[in-house]
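Chain residues, written in single-letter form:
6 protein chains.
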Amino acid sequence: MATVKLIEYGEASPEVRAVYDDIMATRKIDWINNFWKALASHPPTLKRTWESIKEVMAAGAIDPLVKEMIYIAVSATNGCEYCIRSHTASARKAGMTDAMLGELMAVVGMANETNRLANGYQVEVDTRFMTLPR
Amino acid sequence: MATVKLIEYGEASPEVRAVYDDIMATRKIDWINNFWKALASHPPTLKRTWESIKEVMAAGAIDPLVKEMIYIAVSATNGCEYCIRSHTASARKAGMTDAMLGELMAVVGMANETNRLANGYQVEVDTRFMTLPR
Amino acid sequence: MATVKLIEYGEASPEVRAVYDDIMATRKIDWINNFWKALASHPPTLKRTWESIKEVMAAGAIDPLVKEMIYIAVSATNGCEYCIRSHTASARKAGMTDAMLGELMAVVGMANETNRLANGYQVEVDTRFMTLPR
Amino acid sequence: MATVKLIEYGEASPEVRAVYDDIMATRKIDWINNFWKALASHPPTLKRTWESIKEVMAAGAIDPLVKEMIYIAVSATNGCEYCIRSHTASARKAGMTDAMLGELMAVVGMANETNRLANGYQVEVDTRFMTLPR
Amino acid sequence: MATVKLIEYGEASPEVRAVYDDIMATRKIDWINNFWKALASHPPTLKRTWESIKEVMAAGAIDPLVKEMIYIAVSATNGCEYCIRSHTASARKAGMTDAMLGELMAVVGMANETNRLANGYQVEVDTRFMTLPR
Amino acid sequence: MATVKLIEYGEASPEVRAVYDDIMATRKIDWINNFWKALASHPPTLKRTWESIKEVMAAGAIDPLVKEMIYIAVSATNGCEYCIRSHTASARKAGMTDAMLGELMAVVGMANETNRLANGYQVEVDTRFMTLPR
Numbered sequence: 010m011a012t013v014k015l016i017e018y019g020e021a022s023p024e025v026r027a028v029y030d031d032i033m034a035t036r037k038i039d040w041i042n043n044f045w046k047a048l049a050s051h052p053p054t055l056k057r058t059w060e061s062i063k064e065v066m067a068a069g070a071i072d073p074l075v076k077e078m079i080y081i082a083v084s085a086t087n088g089c090e091y092c093i094r095s096h097t098a099s100a101r102k103a104g105m106t107d108a109m110l111g112e113l114m115a116v117v118g119m120a121n122e123t124n125r126l127a128n129g130y131q132v133e134v135d136t137r138f139m140t141l142p143r
Numbered sequence: 010m011a012t013v014k015l016i017e018y019g020e021a022s023p024e025v026r027a028v029y030d031d032i033m034a035t036r037k038i039d040w041i042n043n044f045w046k047a048l049a050s051h052p053p054t055l056k057r058t059w060e061s062i063k064e065v066m067a068a069g070a071i072d073p074l075v076k077e078m079i080y081i082a083v084s085a086t087n088g089c090e091y092c093i094r095s096h097t098a099s100a101r102k103a104g105m106t107d108a109m110l111g112e113l114m115a116v117v118g119m120a121n122e123t124n125r126l127a128n129g130y131q132v133e134v135d136t137r138f139m140t141l142p143r
Numbered sequence: 010m011a012t013v014k015l016i017e018y019g020e021a022s023p024e025v026r027a028v029y030d031d032i033m034a035t036r037k038i039d040w041i042n043n044f045w046k047a048l049a050s051h052p053p054t055l056k057r058t059w060e061s062i063k064e065v066m067a068a069g070a071i072d073p074l075v076k077e078m079i080y081i082a083v084s085a086t087n088g089c090e091y092c093i094r095s096h097t098a099s100a101r102k103a104g105m106t107d108a109m110l111g112e113l114m115a116v117v118g119m120a121n122e123t124n125r126l127a128n129g130y131q132v133e134v135d136t137r138f139m140t141l142p143r
Numbered sequence: 010m011a012t013v014k015l016i017e018y019g020e021a022s023p024e025v026r027a028v029y030d031d032i033m034a035t036r037k038i039d040w041i042n043n044f045w046k047a048l049a050s051h052p053p054t055l056k057r058t059w060e061s062i063k064e065v066m067a068a069g070a071i072d073p074l075v076k077e078m079i080y081i082a083v084s085a086t087n088g089c090e091y092c093i094r095s096h097t098a099s100a101r102k103a104g105m106t107d108a109m110l111g112e113l114m115a116v117v118g119m120a121n122e123t124n125r126l127a128n129g130y131q132v133e134v135d136t137r138f139m140t141l142p143r
Numbered sequence: 010m011a012t013v014k015l016i017e018y019g020e021a022s023p024e025v026r027a028v029y030d031d032i033m034a035t036r037k038i039d040w041i042n043n044f045w046k047a048l049a050s051h052p053p054t055l056k057r058t059w060e061s062i063k064e065v066m067a068a069g070a071i072d073p074l075v076k077e078m079i080y081i082a083v084s085a086t087n088g089c090e091y092c093i094r095s096h097t098a099s100a101r102k103a104g105m106t107d108a109m110l111g112e113l114m115a116v117v118g119m120a121n122e123t124n125r126l127a128n129g130y131q132v133e134v135d136t137r138f139m140t141l142p143r
Numbered sequence: 010m011a012t013v014k015l016i017e018y019g020e021a022s023p024e025v026r027a028v029y030d031d032i033m034a035t036r037k038i039d040w041i042n043n044f045w046k047a048l049a050s051h052p053p054t055l056k057r058t059w060e061s062i063k064e065v066m067a068a069g070a071i072d073p074l075v076k077e078m079i080y081i082a083v084s085a086t087n088g089c090e091y092c093i094r095s096h097t098a099s100a101r102k103a104g105m106t107d108a109m110l111g112e113l114m115a116v117v118g119m120a121n122e123t124n125r126l127a128n129g130y131q132v133e134v135d136t137r138f139m140t141l142p143r
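The listed protein sequences derive, respectively, from chains H, Y, D, V, W and L.
The first sequence finishes on residue 143 if you use my numbering, and the numbering steps up by one all the way, no holes.
The second sequence finishes on residue 143 if you use my numbering, and the numbering steps up by one all the way, no holes.
The third sequence finishes on residue 143 if you use my numbering, and the numbering steps up by one all the way, no holes.
The fourth sequence finishes on residue 143 if you use my numbering, and the numbering steps up by one all the way, no holes.
The fifth sequence finishes on residue 143 if you use my numbering, and the numbering steps up by one all the way, no holes.
The sixth sequence finishes on residue 143 if you use my numbering, and the numbering steps up by one all the way, no holes.
The following block holds chain H by itself, in its conformation from the complex (with noise of 0.2 Å):
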């Protein structure tokens, strides 16, 4: 269980049944799951929170599936797993397919291995990735 009381749609005060139905409208379901009903602990985050991702997944230069696909990359990288399942849900139901899931579980992978290569020599930044492309 989480470490505060988590706030169902009926006993939520305006404020944060207008932020619940904002998310039920926005992802087109009929319910919200247990990360939103944590944050109305504190509505103030509930709000700002919803909004900011609202914005920040939206379509835009980035398609929405690798969106969510970036943050299951994040998500597995510091090993949270709500964030992992939900993600991991909300990218298969986007169209991830078995076959992408494999391939962005590689690339997260070896992404963790080089990075500890490259900081376990301190290899210096060659000076060719040190400009602004222009």
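None of the hints are false.
Distance condition first, Cα-Cα at most 20 Å in a straight line; then the derived EDC-like pairs of lysine to aspartate or glutamate:
1. K63(L) to E64(D)
2. K56(H) to E60(V)
3. K56(Y) to E60(W)
4. K14(D) to D107(W)
5. K63(H) to E60(V)
6. K14(Y) to E90(L)
Coverage of chain W stretches by chain D, computed from C-beta distances (three or more under 8 Å per stretch; other residues unrestricted):
7. 93-107
8. 111-125
Label-pair distances were calculated between CB atoms; the ranges are:
9. W40(W) to A108(V): 50 to 60 Å
10. R36(D) to T136(H): 51 to 61 Å
11. R36(Y) to R26(L): 50 to 60 Å
Just so you know, the hints here were simulated from the structure itself, not pulled from any lab data.
Built from N, CA and C at the ideal position, the CB exists for glycine as well.
Please arrange chains Y, D, V, W and L on chain H, whose structure you already have, making use of the hints.
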């Protein structure tokens, strides 16, 4: 400077040189970056790492540019300067625009934030996120 | 279950029992939590860790409740469930309100986000931040 | 240098300039640090991040100086140089003494140590830590 | 449960079965642990990861038991339960005593502590540590 | 430069000087590295950390050189430059060869990779790994 001597092409053993040649041929470049020169201090690690990277980063179910962006996401999360700079350079070369980098960083930032909110509140995973897609 | 046998008070050596007694006396409690029972599998680590914690968490220039909140901040960042839960319990006992926990998590979340933005863009430290206060 | 061009006030768009003006007014300073100049490469991220930080770091149930110290705790745990240096400077300005910094670092160090002991031994959470307060 | 279907030996493709056979032969065991059954959802990752692990963990300049302890050190630092438990089991099988586990955890804990002290204070590397051994 | 003033031997208080003397005597060296000079800004942390390190890194059930390599493994995983460089120097002095460093880094890299694969797929721990030895 690195904690090991960087091995230049001219002084490399045939075994190391074969890997360097494959790196340059695969990437259609005419130089070797410091990461590989450091790994060459332990030839089995050089060979194994290069072959893994070559396989993992090749086109497949996920586009190579997306793979580069996933690499940046992991490296930014781990704070590996070498990896951030080298993969940002690769991604730029592969077509990542300023807007794409901006959105990538925004997702990476938010994922790191919500990872800590989910863990910090110890939010329980919703049952709906625990089932395998069929 | 832990990867080592937990040492209960009744079966503890005099050396371990002395630490357990000091923990209970210092904290004014009548039980030992699992963390210490696991460390007791290696008595020097039990003793050294307890003595360090006792010194570090005592009242000083920083208030003990603030210290507990800093502990939660680090534990949430590292994703250590045991530490998050035990220090959240301690902080609650020491007076942390729901609003304080909400603000604490908000700061922890934002810090993790901006840490990745600063690293992801490899932002150079401003000269003004490089001088020592006098 | 950063991986994106830093946007100076003189060349900023009205949208970016409005954020810069708000930063300077809120913090009662007359300059913009590099972090914001880098975020300005993606104006929506600049605006969203600044508004979040302004809300989160304001006085509330937790004192602003304590919030700065929590920021340092997270940044030291993640090893983000920019964030450590900029928030150490802010905390000093807000009154953090040498003794407070010493105790802060001591808590951060111990928390990182015991996080790994708890995880390394896979210590099971005590039932008493699993209940919500009250 | 995992986010992918675990592939049992009986239902595995010849390609996956060949890897499973090699794992059992190399380790002189008659079962396959869940990690490999999960990787089998993406056969190229299964094959590549197993071949890398086999090469890296074999006896060489470092003793296999020491390699297992290094694996535990990394896994405890990253907080990966699966990895901590499976490599603690392997290390025990290879002869790690309680005293060795105790000292290992003590070093891991202290390293995580001093890593944060060094980063938190942004201690400059001494010139003497910057030279290569000759 | 560090965020605190480094305390040189000549200006140190008797309390700090006693620790410096013990460091030099224990390690049979005639200089103090910057890490301790930074910790000296908070004498209780200097004393406690040094005494812990002295106890933990001494010969015991694990060889001192192996302990140094474990220290490098943790530091490379956390990306702490100071710690990587200082402990690589110590390990070299204690006899670590190029081949040993190469194998150490290879294990560290693979462990970081498989940690993310295990977490990313949320692999369930096998029952056989959940029992205590004996």
